[in-house]
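So the sequence lines, in the order shown, correspond to chains A, B, C, D and E. For the first sequence, counting from 1, position 278 maps to 278 in the numbering used here; every step adds exactly one. For the second sequence, counting from 1, position 79 maps to 79 in the numbering used here; every step adds exactly one. For the third sequence, counting from 1, position 236 maps to 236 in the numbering used here; every step adds exactly one. For the fourth sequence, counting from 1, position 290 maps to 290 in the numbering used here; every step adds exactly one. For the fifth sequence, counting from 1, position 210 maps to 210 in the numbering used here; every step adds exactly one.
No lab work stands behind these hints, which were simulated from the structure alone. Some hints could be false.
Quick partial rundown of chain D residues pointing at chain E, CB under 7 angstroms, derived from the structure [claimed, not checked]:
| id | residue |
| --- | --- |
| 1 | Glu57 |
| 2 | Ser72 |
| 3 | Leu76 |
| 4 | Tyr153 |
| 5 | Asp243 |
| 6 | Lys246 |
| 7 | Glu257 |
| 8 | Ala265 |
Some chain A residues flagged as far from chain D (calculated, every beta-carbon gap over 10 angstroms) [claimed, not checked]:
| id | residue |
| --- | --- |
| 9 | Tyr64 |
| 10 | Asn111 |
| 11 | Arg162 |
If you want the ones that stay clear, here's a sample from chain E, every Cβ over 10 angstroms from chain A, calculated [to be verified]:
| id | residue |
| --- | --- |
| 12 | Lys56 |
| 13 | Gly97 |
| 14 | Ala130 |
| 15 | Asp151 |
| 16 | Ser200 |
| 17 | Glu297 |
| 18 | Tyr304 |
| 19 | Glu305 |
Virtual Cβ for every residue (Gly too), placed ideally from N, Cα, C.
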Amino acid sequence: MDVRSNKGDLKGQIFLFLLVIATCVGVASLAILVYSVLEDATGWFDLAFIFNSPSRFPEEAGIYPALIGSIYLMLLVAVFSFPLGVGTAIYLEEYAGQSRIKNIIELNISNLAAVPSIVYGLLGLALFVRALNMGRSLIAGALTLTLLILPIVIVSSQEAIRAVPDSLRDASYGIGSTKWQTIRKIVIPEALPGIMTGTILSLSRAIGETAPLIMIGAATSMYSAPDGIFSLFSAMPLQIYAWVGQPQYAFQEGVASAGILLLLIVLLTMNSVAILIRNRFQR
Amino acid sequence: MPNINVEEALAGDSANVKSFNNPIIDVENLNLWYGETHALNEITLEIPEKQVTAIIGPSGCGKSTFLRTLNRMNDRIPNVRIEGSIIYDGINIYEGDIDVATLRKEVGMVFQKPNPFPKSIYENVAYGPKVHGVNDKTKLNEVVEKSLKNAALWDEVKDRLDASAMDLSGGQQQRLCIARALAVEPKVLLMDEPASALDPVAMSKIEDLIHELKKNYTVVIVTHNMQEAARVSDYTAFFHLGELIEYSKTKKLFENPDKRMTEEYITGRFG
Amino acid sequence: MPNINVEEALAGDSANVKSFNNPIIDVENLNLWYGETHALNEITLEIPEKQVTAIIGPSGCGKSTFLRTLNRMNDRIPNVRIEGSIIYDGINIYEGDIDVATLRKEVGMVFQKPNPFPKSIYENVAYGPKVHGVNDKTKLNEVVEKSLKNAALWDEVKDRLDASAMDLSGGQQQRLCIARALAVEPKVLLMDEPASALDPVAMSKIEDLIHELKKNYTVVIVTHNMQEAARVSDYTAFFHLGELIEYSKTKKLFENPDKRMTEEYITGRFG
Amino acid sequence: MDNRLKIKRTNPKVLKERAIKSALFSCAFVSLLVTILIIATLLGDAINFFTEVSIVEFLTGTNWSPSMKPYSFGVLPLVTGTLMITVISAVVAVPLGVATSVYLSEYADKKVRKVVKPVLEVLAGIPTVVYGFFALTFITPVLQTIFPEISLYNALSAGIVVGIMILPMISSLSEDAMSSVPDDLRDGGYALGASKFNVTTGIVVPASISGILSSFILGISRAIGETMAVTIAAGRLANMSVDPLKSIETMTAAMVEVAEGDIAAGTAAYDSLFAIGLLLFVITLAMNMVSQYLKSRYKEKY
Amino acid sequence: SDTGQNDDQSQDQSADSGNGENQQLSGQVIVDGSSTVYPVSQAMAEEFKKQHSEVKASVTSSGTGGGFKKFVQGETDINDASRPITPSESQKCKENGIEYVEFKVATDGISVVVNQNANWIDSVSKDTLAEIWGPENPPQKWSDVKSEWPDKNVELYGPTSASGTFDFFTENIVGEEDSSRTDYQTTENDNFIIKGVKGSENAMGYLGYAYYQQNEDNVKAIGINGVKPTVESISNGEYPLSRPLYFYVNIDHLKENETLREFVKFYIENADGEIIRQVGYVPATESHQNDLMNKFENVMDGNYEVNYKS
Ligand SMILES: Nc1ncnc2c1ncn2[C@@H]1O[C@H](COP(=O)(O)OP(=O)(O)OP(=O)(O)O)[C@@H](O)[C@H]1O
Ligand SMILES: Nc1ncnc2c1ncn2[C@@H]1O[C@H](COP(=O)(O)OP(=O)(O)OP(=O)(O)O)[C@@H](O)[C@H]1O
Ligand SMILES: [Mg+2]
Ligand SMILES: [Mg+2]
């Protein structure tokens, strides 16, 4: 034999090559997207844009109320969806055993993942806006988006929890920890990177959604920022959506792109917190 | 070059064990199935308090399984079915609403494969006391140091308590798991081959520890090492294919076993 | 009751080992660091072909680390730095473009903690041959059966080859891992405490296997069990705190060690 | 004293554990509740719809034209449209996503992973409207150079863009699943002389298959339910063709059209939104039942 | 339109309507409905907000029908509409006890556009348009319509059948509402009609006047029966595809909500001017504006009866 001969691994080389290509495709798509946004946004994206209210004059148009709306919205969605989603995942993985109810709930959750966002809008309208009398408030919007992203949080948390080796649970139970102690101190910290991934992906989805918010009647344009959770609100994708439909080119391209750029910045800021947490816990 | 003399280690009387005055654990007609596999078959035995009981037998005979029934760690495996009773401290732990957490705090366990938490060395040992409500920092430090010393690991790790437990060598991990179990001061300590990955020095320290523990604790130990069983235990149970073949004082079992099968097994190696 | 007599096992001449005619592996001035920790310090030794070399030493002394350097399994750990050379079959495996896969096929390994794949028993053993291009079903069946027999596991699992390997007992898992390593027919087999979780019967079968293997293969074995080292190996290396303290014919090392430290260690337990 | 281990129902520790279990169950129950409410929300108007349009016509009709004469409510073209987008996006995202996750988890060094993974996750957060425009203004023109006969609005570019959108879902979740496979197992493979390719495909991927399949389900689900991007990019022509170069209309696009257009509530066209929603629900339910069955057959546990 | 102009103008307006004692308005107004009227309401809200900084105005575009669905439940104050309320929507209001008032605020002219370079066409008759867009035997080549037109494929772009623009066009051109050929490219974003038409010499499309006006350099509007869409021709009704735009106000809300009252008043006061022109529609004439104001005052005085359709 000759351990020096490396030709045996041609297959491996090709495989790696394909993997790199695949990864590049994703990165390149993003680069193109961001590049085209940046190109259109230059000249429009400035402090005034961030701090102004919308206007029918492109030069004056700003996104402040929608920006604040989106930030509030994301905070609320995170606060609602994290405990609810992780709680559900814990129940399913640690408590439900192999029961029938577990199968039903799991089936149900993956089914909810495929429900179109517009249907969540209809649900939010009927449930939060009308039945619970919240009106077109931030909280109604946040709850609607929470339901929308819940399946992603649940399924990804479940997978993360499932991947925690059983020997660690054994170790914890073996010294007399209760179930909850084991979950809280061993399972959740171990699963946290995966849980954070789910949270990142789902909050990302929530921050870019338009249809359900339009359905519940959130404003496509607001001229003042929300000042509480029961306040009327707009959100960035709605404002962007409105601009993109305007007849003037300056709106469709410049102003809308500036909005998209800001949305991406907010998204990245939001994600980096989660990413920091994820990296800290990743082995 | 030393000669290993098991005879010397087996001092004591040779009466067969039927029952004890005051067993801490009393196993009766225990059967266990993994799905279809009948892994434990009508096991009846009493475990004396403040003594060391060794469990020996060929690989796959059910030693770990039996050990896990004693603190209900088998609850965690799906498709396990258990019949019979195990009385611990006067209570059948398979009947009614049992507080398994308290049971396991009192009947602690060291597993066959070392399973440290992916945390620091310190956190591994402090985990148990914290779970049971010890939060005082100095108290914790004390417990960690004492447990690591007892597990013969302190000298090797005292300078890197904050390092990850996952970077320890195999034997170090095993000792860490022992320290972790000791830190909660169980009444009964179940040890599944605690010394298998240990070198003679560490092993002898652990054996010394077991002798020490015996004063206040009950120890049940699974081992493949006949000498170890002989040296360390007071009573020995020999399992084979899920059945308890023989259970008697260690000296008796090693010197003058009742069953042919026992004799074959213990001599099979050294005869 | 048997007496264990190490002396008997240590037949052979007592010359100290410096170098062999035709070592299959030649380690020179090997140093290894985990980050800051200097885990192997200037190790120089030659491993003779078709002989059994045992590595002994206290827990944490670097035995596993050393073993892993021989087939570059240490590549997989981040922050490892290696200096020195290891010549296998005339080639320095730490230099230039080495096909580590082929290296590892030829220098196989059994790990300290059993690590079966989460697949069926059959698939675990068949994995290696399949990876190396054996696809013929009857051929595979043969290999699987032979390897499991050699690892003394066949009788226990022959009826449930499709069951998950994860449901095996600790010792069964360990033997499965041995069978898995045998199935690719390596030239050198590195075994990290292969027998620690085994009962005497299985252990003796593995030892018989090692004797058998010696005819065609080279074996390097880490063990904590002095008797085992004595029984099974031709040469023994004693490590301490990352250094090679002594390396000589097994008989010599156990009967008449050169270094005080060696003597203390091997007698520390039994003296 | 001798009942020390017996759980007393008033034991605070026990109460706490029970309370936690109930709380967690309530969380899980929310998802059931949501389903019930969704069905309730859709059912009322859907029933209205079915009083005007027979369910048979709806399910078997091959012409969808709710607000253009002659009115016709055959949902099949929408179903094929949705199917087409789903298939195209899956064909794009599944191989790319898995390949990316394999690369990040098994090949890339830590620094690359730490950068690339979050970068790709940004793709999940780009507003879907933006994706729609990206398809129209970038992807379609590129496709035009390859297929000159392609329509301005076409299933292919919409499918591709949805594939890009769900890519991070698949790549990130699969990557998590793969990187939580214990290293012991990889060691086991490498020690047998397996190449990285062998270990990755033969050990790591099978051991993490549950997580990988979950990521497919989540990703593809999103593709099925995706609204805005396809509404903009795929056109609004409900036709039964399976030619990806033509305009199509998906079920979700039809729903938006009704919801954001000027059609009056209470008309059959408006109520059709709810009927489509319900049908989509039933279809995905069936698909999920199949995938749950498949998944339960491929679980490896370590 | 430049910014300076706008500043002057908003000062004018504050002079106009800042005469009330109710200086500190702080309530909220909820506007929903047609995406066609949306730019108008948006602009009105923007200007109104400049005078009453504490007011919260929420303007949403979820379509005329979607908006009415909420309006008939009393959830919104104002519903923008690119078509009159339908009898069923009107009946829903009646059932729910919602009284409403309709204001026609502006006029749109649906413009038929072709490529700048399409020299072969400049004006068509309504009948020819009907032939091109109608459902029966739709022509595949331009030469099928008129032999002198090019022998090239017909490429058509239009809004979706769910839009009010489509309804209006089909009713007024094809002759029957919702009746149209189906083989054309539809989009709910009019900008893409522009893009399509700009890209091909054989293309034709129709869309709102605002979109044409913004793209006079990119596409060419053709005359219908000889009349081209201009502010003039649309406002005097000469242009055949002049389409009124409405908003509907909930009367109860109007009476209870002072902010809404001021907003509607502001809306009407500005219906004749620059704001409407800036967003690309044709403002109301002065006399029409007076009618609107009278209607508003009558509503406030209680001299108004809702005329529910059936
Ligand atoms: N991945 C790692 N990172 C840092 N230090 C390590 C790592 N692996 C091992 N070490 C340290 O290197 C030293 C040698 O470890 P090694 O595993 O080689 O010991 P060993 O001789 O095999 O011991 P044992 O008999 O307990 O298995 C130990 O002190 C250990 O803590
Ligand atoms: N989870 C399980 N599912 C099915 N069978 C199991 C499971 N765990 C153990 N077994 C089987 O039950 C039998 C007893 O296993 P056990 O682990 O108790 O053996 P052991 O005596 O501890 O062996 P060792 O010395 O090898 O650790 C073995 O045949 C084993 O294969
Ligand atoms: Mg065992
Ligand atoms: Mg080791």
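Hint-by-hint comparison with the structure:
With its C-beta approaching chain E no nearer than about 18 angstroms, D/Glu57 sits outside the 7 angstroms limit, and its interface hint is violated. Interface restraint check for D/Ser72: the shortest CB-CB distance to chain E comes to about 10 angstroms, outside 7 angstroms, so the restraint is violated. The beta carbon of D/Leu76 is not positioned within 7 angstroms of any beta carbon in chain E (closest approach about 16 angstroms), and the interface hint is therefore violated. Interface hint status for D/Tyr153: upheld, as the beta-carbon distance to the closest one in chain E is roughly 6 angstroms, under 7 angstroms.
At about 14 angstroms, the closest approach between the beta carbon of D/Asp243 and any beta carbon in chain E exceeds 7 angstroms, and the interface hint on this residue is violated. With 7 angstroms as the threshold, the beta carbon of D/Lys246 stays out of range of chain E, its nearest partner Cβ sitting at about 11 angstroms, so the hint is violated. For D/Glu257, the interface hint holds, since its Cβ comes within 7 angstroms of a Cβ in chain E; the closest pair sits about 4 angstroms apart. Hint status for D/Ala265 relative to chain E: holds, with the closest Cβ pair at about 4 angstroms, below 7 angstroms.
The claim that A/Tyr64 lies off the interface holds: its Cβ sits roughly 18 angstroms from the closest Cβ of chain D, which is beyond the 10 angstroms cut-off. Annotated as non-interface, A/Asn111 brings its C-beta within 10 angstroms of a C-beta of chain D; the closest such distance is 5 angstroms. Separation of A/Arg162 from chain D is inadequate, the least Cβ-Cβ distance of about 7 angstroms not exceeding the 10 angstroms criterion. Not every C-beta of chain A lies more than 10 angstroms from that of E/Lys56, the closest at about 5 angstroms, which undercuts listing it as non-interface.
Distance to chain A confirms E/Gly97 as a non-interface residue, since its nearest Cβ pair spans about 17 angstroms, more than 10 angstroms. The Cβ of E/Ala130 lies farther than 10 angstroms from every Cβ of chain A, with a closest approach of about 27 angstroms, so its non-interface assignment holds. Non-interface call for E/Asp151 relative to chain A: holds, since the shortest CB-CB distance, roughly 34 angstroms, exceeds 10 angstroms. Its beta-carbon lying about 20 angstroms from the closest one in chain A, E/Ser200 satisfies the requirement of being farther than 10 angstroms from that chain.
No Cβ of chain A comes within 10 angstroms of the Cβ of E/Glu297; the nearest lies about 27 angstroms off, and the non-interface call holds. For E/Tyr304, the non-interface assignment is confirmed: its Cβ lies about 27 angstroms from the closest Cβ of chain A, beyond the 10 angstroms cut-off. Every Cβ of chain A is farther than 10 angstroms from the Cβ of E/Glu305; the closest lies at roughly 29 angstroms, confirming the non-interface assignment.
Checked against the numbered hints above, the structure violates hints 1, 2, 3, 5, 6, 10, 11, 12; every other hint is satisfied.
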